[in-house]
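K.L.:
Starting from the known structure of chain A, arrange chain B on it as the hints suggest.
These protein sequences, in sequence, are chains A and B.
Quick note: the first sequence, position 77, residue 77 per our numbering, numbers continuous.
Quick note: the second sequence, position 31, residue 31 per our numbering, numbers continuous.
Calculated from the structure, these hints are not laboratory results.
All C-beta atoms, glycine included, are put in the ideal place defined by N, C-alpha and C.
There may be inaccurate statements among the hints.
To be verified - If you anchor each label on the Cβ, the simulated ranges turn out as follows: (1) Asp65(A) x Ser3(B): 43 to 49 angstroms; (2) Gln17(A) x Lys69(B): 44 to 50 angstroms; (3) Ala79(B) x Ser60(A): 42 to 48 angstroms; (4) Ala17(B) x Leu114(A): 41 to 47 angstroms.
Unchecked claim - Within a straight-line C-alpha distance of at most 27 angstroms, the following computed DSS-like cross-link-like pairs (lysine-lysine) qualify: (5) Lys113(B) x Lys69(B); (6) Lys110(A) x Lys59(A); (7) Lys26(A) x Lys49(B); (8) Lys110(A) x Lys42(A); (9) Lys49(B) x Lys24(B); (10) Lys109(B) x Lys49(B); (11) Lys49(B) x Lys69(B); (12) Lys56(A) x Lys26(A); (13) Lys110(A) x Lys56(A); (14) Lys59(A) x Lys69(B); (15) Lys24(B) x Lys109(B); (16) Lys42(A) x Lys113(B); (17) Lys24(B) x Lys69(B); (18) Lys42(A) x Lys24(B); (19) Lys59(A) x Lys42(A); (20) Lys59(A) x Lys113(B); (21) Lys26(A) x Lys110(A); (22) Lys69(B) x Lys110(A).
To be verified - Partner residues are not named here, just some residues of chain A that face chain B (Cβ under 10 angstroms, in silico): (23) Thr49; (24) Tyr90; (25) Phe105.
Now for the letters of each chain:
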Amino acid sequence: VTLLEQNPRWRLVPRGQAVNLRCILKNSQYPWMSWYQQDLQKQLQWLFTLRSPGDKEVKSLPGADYLATRVTDTELRLQVANMSQGRTLYCTCSPGQISNERLFFGHGTKLSVL
Amino acid sequence: AQSVTQPDARVTVSEGASLQLRCKYSYFGTPYLFWYVQYPRQGLQLLLKYYPGDPVVQGVNGFEAEFSKSNSSFHLRKASVHWSDWAVYFCAVSMGDSNYQLIWGSGTKLIIKP
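So that you can see chain A by itself, here it is in the shape it has in the complex (with noise of 0.2 angstroms):
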């Protein structure tokens, strides 16, 4: 059973041009959503966790800007900006906040730089 849904699942993003990704959370008993980014090294890092509709996070990293949004109870975003290099964005979801909880992942969006 699918519990995220993940769109789209590859992108070609000119450079310079913002991207957004969006996330469905198919089941409501696994309401904690975040993001994590897959560099082209397979290396995994987190990125934002948002409970509530309305919650908004910004972090820049190496080689992008992000912007999440928990847009409904069921749907997270993502805008990716100023992207220099590939990487892999996940959406992931949990049945509770704290960080030993196990995670449930998307398939991903793989975003390339044309």
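P.N.:
Relative to the frame of chain A, chain B by itself:
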């Protein structure tokens, strides 16, 4: 600072042979430890997790891992690998509190020889 080291970027074993993937962690306290697997072009899936208690943890598909506090290790084992085990394996540690983050190792790619 907490960290996770997977010293082997790539491990090659013959189908039917036994397997050990190494994971060392650095953490001042009682860690919660995880192994996740990433099959080609997919998101990550949980193999097993360690909560304080029995040091040997059983996971899915015949995998197990052993926690060693004295060695600061959480190595993954399987008695007999199958070609379908070809994937990247990630070790992760959490502090088990309200911090959302998991700290990830860099991953070990498992290649199966026929």
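K.L.:
Taking the hints in turn, state whether each one holds.
P.N.:
Consistency of the hints with the structure:
1. Asp65(A) x Ser3(B): 43 to 49 angstroms: 26 angstroms, violated
2. Gln17(A) x Lys69(B): 44 to 50 angstroms: 49 angstroms, holds
3. Ala79(B) x Ser60(A): 42 to 48 angstroms: 46 angstroms, holds
4. Ala17(B) x Leu114(A): 41 to 47 angstroms: 43 angstroms, holds
5. Lys113(B) x Lys69(B): 33 angstroms, violated
6. Lys110(A) x Lys59(A): 19 angstroms, holds
7. Lys26(A) x Lys49(B): 24 angstroms, holds
8. Lys110(A) x Lys42(A): Holds. Lys110(A) to Lys42(A) sits at ~12 angstroms (cutoff 27 angstroms).
9. Lys49(B) x Lys24(B): It holds: about 15 angstroms lies between the C-alpha atoms, which stays within 27 angstroms.
10. Lys109(B) x Lys49(B): Given that 27 angstroms is the threshold and the Cα spacing comes to 19 angstroms, the pair holds.
11. Lys49(B) x Lys69(B): With a Cα-Cα distance of about 15 angstroms, the restraint between Lys49(B) and Lys69(B) holds, given a limit of 27 angstroms.
12. Lys56(A) x Lys26(A): 21 angstroms, holds
13. Lys110(A) x Lys56(A): 22 angstroms, holds
14. Lys59(A) x Lys69(B): 35 angstroms, violated
15. Lys24(B) x Lys109(B): 16 angstroms, holds
16. Lys42(A) x Lys113(B): It holds: about 22 angstroms lies between the C-alpha atoms, which stays within 27 angstroms.
17. Lys24(B) x Lys69(B): 10 angstroms, holds
18. Lys42(A) x Lys24(B): 18 angstroms, holds
19. Lys59(A) x Lys42(A): The hint holds at about 20 angstroms.
20. Lys59(A) x Lys113(B): Between Lys59(A) and Lys113(B) the Cα gap is close to 42 angstroms, so the pair fails against 27 angstroms, i.e. violated.
21. Lys26(A) x Lys110(A): At roughly 21 angstroms apart (the allowed maximum being 27 angstroms), Lys110(A) and Lys26(A) satisfy the hint.
22. Lys69(B) x Lys110(A): Given pair Lys69(B), Lys110(A) is violated - Cα atoms ~37 angstroms apart, limit 27 angstroms.
23. Thr49: Holds, because the Cβ-Cβ distance from Thr49(A) to chain B comes to roughly 4 angstroms (cut-off 10 angstroms).
24. Tyr90: 6 angstroms, holds
25. Phe105: At 3 angstroms from the nearest chain B Cβ, Phe105(A) passes the 10 angstroms test, so the hint holds.
Consistency note: the structure conflicts with the earlier hints numbered 1, 5, 14, 20, 22.
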